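Asks: If you read the sequences in order, they're chains A and B.
Heads up: the first sequence runs through residues 1 to 322, numbered per my numbering.
Heads up: the second sequence runs through residues 1001 to 1384, numbered per my numbering.
Calculated directly from the structure, the hints in this document are not laboratory data.
Just so you know, these numbers come straight off a predicted model, no measurement behind them.
Heads up, some of the hints might be wrong.
[Unchecked claim] One side only, chain B facing chain A, incomplete, derived with CB under 7 Å:
1) Ser1013
2) Lys1017
3) Pro1226
4) Arg1229
5) Thr1233
6) Pro1234
7) Ala1235
[Stated by the list, open to error] Below, computed lysine-lysine pairings styled on DSS-like, alpha-carbon distance capped at 30 Å:
8) B:Lys1024 <-> A:Lys141
9) B:Lys1380 <-> A:Lys18
10) A:Lys19 <-> B:Lys1024
11) A:Lys114 <-> B:Lys1024
12) A:Lys130 <-> A:Lys192
13) B:Lys1381 <-> A:Lys18
14) A:Lys192 <-> A:Lys62
15) A:Lys121 <-> A:Lys19
16) A:Lys130 <-> B:Lys1024
17) A:Lys114 <-> B:Lys1381
18) A:Lys60 <-> B:Lys1237
19) A:Lys113 <-> A:Lys189
20) A:Lys3 <-> A:Lys62
21) B:Lys1237 <-> A:Lys121
Virtual Cβ for every residue (Gly too), placed ideally from N, Cα, C.
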Amino acid sequence: MGKERDIELERVYVNIGKKVILEDVSFYAEKGEVLAIIGGSGAGKTTCLRVLTGQIPPSKGKVQVAGVDVLRDRESLKNALGYVPQLEEVGLYYEFSAIRNAVLFGRMYGIPKKDAERKAKEILTILGFKSEELMRKPVGKLSGGERKRVSICVGLIHEPRVLLLDEPTTGLDAHLRIDVLNYLRDINKKYKVTIGIVSHDLETAEFCDRVVVLDRGRVMIFGNPREFVERVPAGYAFIASFGKLGERDLSRIERIRFVTRVLQVGRGTVKVFVKRIEEPLNLLVEELERIGLTPSSIVSSDITFTDYFRLSALEREEETYF
Amino acid sequence: MVRAAGSFMRIMSLVRKELEGIVKDRMALIVLILLPTLITFSLGATQFRVLTLADYAKVAVIDHDTSEGDPHYDLSQAFFWDMVANANDSTCIVFPLPSEELAYYLLWQGDIDAIVVIPFGFESHLASNRDPNAPVPVPAYVNVTLDGTDLESQGKVIDCLTNAIADFKVEFNFTRDEVLPAMTAVMGPTEEQGFDLRVTVPLIIPLLLIGGTMILTSQCIVGDVPLRRLLLTPASKSEAIIAKTIAYLVTSLLQIQLILGILILVYNYQPAGPYFQLVLCLLIIAFFGIVLGIFISVVSNSRLQANQYFIFAFLSLLVIELAVPVADVRNANPLHMAREAIVNIASRGLPFYDAMPPILGILAVSLAFFVSALAVFSVKKTLV
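Whenever a hint applies, use it, and build me the whole structure from the sequences.
Replies: Shown next, in the form of C-alpha cells:
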C-alpha cells in the first residue's frame, strides 16, 4: 500500500463540443511530492489544472485533490487547495502590498488578520523577502520575480494540503526560474505541501519527484524523473563546444566507440554521452582530436530528464524513419 | 489554519478591500470627490451669475400704427413702453426698429430673437371698444414672430409680452369683461432658500449620483481581474457583489454629504423636507446607479465593452428624461423617478410616506437589476 495520493486523475476525458481536449489521462502525486505537469501549447496541461481546481468538470473519469472529489465537495476543495495563476495581474492586487494581499486572501478562509500577517511574513521570508519594507511595498512596484513569489505566498496563506501553480517560471530570467523552483522545494520541505507545477519547460522536471508529459491531450510519459534519467544508456555526459560543427561532424562524433549518443544543444555545442569507462574526459578529447574536431571547451555535465526526453524523441523519430 | 469563515466576515473583508482600492484609485477619487465638488460649486454659483447681453432675448418692435382714437395718449407707443418696462424682469431687451425688412434680416441672422409688429388700427380698434354702445368689441392684435430654434428665448419673449399686455390693459382700463391671471408660484425657488437651486438640484444631483456611481461600478467586476482568484477561495460570487454594493453605498453616502454640505453651507440651500429624509432618498438613487453599474460590469466581457454599455445606458436615461414627450415612458424612467422623489422631499417638503411612490419605483428597478446581476454572475464562467 503506497502513500496517500494528494493529486489524482484517473482515466479522465475532457471534451469541449466535439473536440477532445484530454483523452484517457491518468497520473498522480503522493502526499508531500512535487509533480510536474509538462507539455507544449495545446497539450492539455492548463485543462488538467482547471479540472484539478474544479473549474472544468471532466466528461469522464475521476479527479481527486487532497482526497476530495473535486466535483462533489467544492467547499472542502477550496480549503484544501492553494492556487497560483500564471499571470500575477490575475492573482494579485497591485495597489496592495504583499502582506495586504496575503491577509485579504487569508481572511477569505477565516484566518484572523494577525495570524495571516504573521504567516505571510514567515512564508515571504522563506521565499527570499529580506525586509519587512519590501513586504509592505505595493506589489505594482516589485520586480517580476518578487511578484511571482508574492503570488506563491498568497497561494500558501491558508496552509493548503495541495498547491497548484500554473507556469510559475514563465517570463522569468534563467537564474530567477531556478530560484523560484528552489524556493518551491524549500516550501515543500518546510510545510510538507504537495505541489503540482504546470509548465512547458522540461527543466522543471529536474526539481520534481514525479513528472507527467502531455502531448495532444494524452499522457506521453509519467513517472519519477530520476528513474527516466537512469534509462539513458550512458555513464557520463560532456558538453563540448566547437567553432563550427556540421551534420556530418555529429555522425563522426557518434561513431567514436565509447560514445552512445550526441545531442546538439547550441550552435557549435553538443552534449556527448559516453559509456561508463575510466578517464572518459581524456579519452574523449583524444578521440575528438584524432578525428580532427578539437573542442574549444569541454566540461562534464549531469544527465538530465531533458536529455532523456530528447533522446527518446530522437529514437522514436529514427524508428519511424527506418 | 483554515477556520470556519462566516459569510459576514468575508463580505466585510471584501468591503474593506473595495474601499482601500477606491482610496488608492486616482480616477475613482476624481469621480467621487472632485467631480461632484466642481459641479456642485458651479451649480451653486449660478445664483450669483451676472447676466450678460447674451443671456437676454432681443425683441424688435415695429410700430405701424398711426391710427387715432385716444385723445390723450398714443396707445401703440404706450404698449411699446409697457414692453420696455417688463423687459428686464423677463430677461429681454426691447427696442424699436424702423422696418420689418430689417427686423426679419436680423432674425434670420440670429442677431435678434423676436419681432413684434403693432399694425395700423391698433389704437382705433381699442378706442372703439370704449364706446359702451359698441355692438361687438374689436380685438387689437400685435403680430409676434419668434425664433423657433430657441425655446429659451421664446419663453422669455412670451413672458415679457404677457406681462406687458396685462399692465397695458390695467393702465388704460381695457379690463371690462376681462379675467386677468394673478399668478403665484409655490414650492419654487425663492431667493432666501437658494434661488435657482430648487430647480436645478432635482435634475443635476440624480445625474451626478447615478452617473458617478455607474461609471465606477460598471468597471468593478470586469476590471477586478484578481477577483477570479478570490473566487477560488471560499468567497462566493454573491458575496463579492454584495461587498461591492456596500462599499459603493458607503462612498455614495460620503459623496451625498459633500454635495449637500456645499449646497447648504456655501449656497444657503434649504431643503423643504428633513435632511435625513433627503439623504436617504439620495442614497436610494445612488443605489440604483450602483446596481445598474454592477449589472453592466457583470454582463460585459471587457472594460471597453463595459464603457460602451455605460454610455448607452446613461444616455438612454438622459434622453428619455429630457427628450421623450410621452409621460408614461418618462414616468418609468428611474432618472425621472429620482427627480420626482427629490422634488417631493426637497422642494415640496412632503412627508416621507407621501413622497414614497417614486422612491419605491427606484427601489423596485434597482432590486431587479441587483437580482439580475447576481443571476448572471452566478452562471458566468470566471476562469483564472
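Asks: It remains to establish, for every hint, whether it holds in the given structure.
Replies: Hint check:
{"no.": "1", "hint": "Ser1013", "verdict": "4 Å, holds"}
{"no.": "2", "hint": "Lys1017", "verdict": "5 Å, holds"}
{"no.": "3", "hint": "Pro1226", "verdict": "5 Å, holds"}
{"no.": "4", "hint": "Arg1229", "verdict": "4 Å, holds"}
{"no.": "5", "hint": "Thr1233", "verdict": "4 Å, holds"}
{"no.": "6", "hint": "Pro1234", "verdict": "5 Å, holds"}
{"no.": "7", "hint": "Ala1235", "verdict": "5 Å, holds"}
{"no.": "8", "hint": "B:Lys1024 <-> A:Lys141", "verdict": "14 Å, holds"}
{"no.": "9", "hint": "B:Lys1380 <-> A:Lys18", "verdict": "22 Å, holds"}
{"no.": "10", "hint": "A:Lys19 <-> B:Lys1024", "verdict": "45 Å, violated"}
{"no.": "11", "hint": "A:Lys114 <-> B:Lys1024", "verdict": "23 Å, holds"}
{"no.": "12", "hint": "A:Lys130 <-> A:Lys192", "verdict": "23 Å, holds"}
{"no.": "13", "hint": "B:Lys1381 <-> A:Lys18", "verdict": "20 Å, holds"}
{"no.": "14", "hint": "A:Lys192 <-> A:Lys62", "verdict": "25 Å, holds"}
{"no.": "15", "hint": "A:Lys121 <-> A:Lys19", "verdict": "45 Å, violated"}
{"no.": "16", "hint": "A:Lys130 <-> B:Lys1024", "verdict": "26 Å, holds"}
{"no.": "17", "hint": "A:Lys114 <-> B:Lys1381", "verdict": "33 Å, violated"}
{"no.": "18", "hint": "A:Lys60 <-> B:Lys1237", "verdict": "27 Å, holds"}
{"no.": "19", "hint": "A:Lys113 <-> A:Lys189", "verdict": "26 Å, holds"}
{"no.": "20", "hint": "A:Lys3 <-> A:Lys62", "verdict": "18 Å, holds"}
{"no.": "21", "hint": "B:Lys1237 <-> A:Lys121", "verdict": "29 Å, holds"}
Of the numbered hints given earlier, the model fails hints 10, 15, 17; all others are met.
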